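K.L.:
Taken in sequence, the protein lines are chains A and B.
Counting along the first sequence from 1, when you hit position 6 you're at 6 in the working numbering, and nothing is skipped either side.
Counting along the second sequence from 1, when you hit position 18 you're at 18 in the working numbering, and nothing is skipped either side.
Since the hints were made in silico from the structure, they are not lab data.
Keep in mind that a hint or two might mislead.
Covered stretches of chain B, going by a simulated chain A footprint (3 or more residues, C-beta under 8 Å) [said to hold, decoys possible]:
id	segment
1	6-12
2	38-51
3	107-119
4	144-154
A quick note: this is a predicted structure, and the numbers were derived from the prediction, not measured.
Even glycine gets a Cβ: it sits at the ideal position worked out from N, Cα and C.
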Amino acid sequence: MDIGAPETEHEIEIAPLEEPVPVPAPAEQPVEEPVPA
Amino acid sequence: MSSSKYLIEPIVGWRLWHVRRHDDAYRLESFTWHHVSWPARTRFEAECSTHGQAAPVQDHECGIYAFRTRELAEDLLRRYTGVRQHYGRPYQELPPLRQGCPIAIGRVSLWGRILARENGFRAQYAYPYELFLIGGEDDLAHELRRLYAVDVWPS
Chain A
1 MDIGAPETEH
11 EIEIAPLEEP
21 VPVPAPAEQP
31 VEEPVPA
Chain B
1 MSSSKYLIEP
11 IVGWRLWHVR
21 RHDDAYRLES
31 FTWHHVSWPA
41 RTRFEAECST
51 HGQAAPVQDH
61 ECGIYAFRTR
71 ELAEDLLRRY
81 TGVRQHYGRP
91 YQELPPLRQG
101 CPIAIGRVSL
111 WGRILARENG
121 FRAQYAYPYE
131 LFLIGGEDDL
141 AHELRRLYAV
151 DVWPS
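I would like the entire structure built from these sequences, with the hints used as guidance.
P.N.:
Below, the structure written as structure tokens:
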């Protein structure tokens, strides 16, 4: 991949508060069915 | 001369992936380094045969690559495959994609140590942010969406 001339390169340090890696959403808890009296 | 800048928000670049089947699941693979598979739901970490996990290193070409713009990624796609892709509207300019060899163009989050050039970046860590599938069906988009937990748009 041609990202440009090496002499244009400069360094950036990025320390995100949270890693931008998605995690699966927690499964919804089943709601308890009301039991008819 | 290099200057160092510190940020807390990831940089979002653009890049291409091959989409290939590994055993029982599809994976994103680096576009120019064949058979380098991107893991799902965990960061992809740069590793260099010379510098190990110190990648990316200045005066070398190691690291995870991404372009600054979608246009630059589309230009690489056109040069490699002949497929012209402009914001979701593909048309054939040269020979078509080979059947069964889908490609993903998409945004990628980059963080850690990053070396920025005029057209793009070499990064220490990366994870796909959003993918546009070229040459793949809805089922494949669904599988990649489930696997990597990111938005995947079929072509």
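K.L.:
When the structure is checked against the list of hints, which entries are broken? Sort them ascending.
P.N.:
As far as the earlier hints go, not one is violated by this structure.
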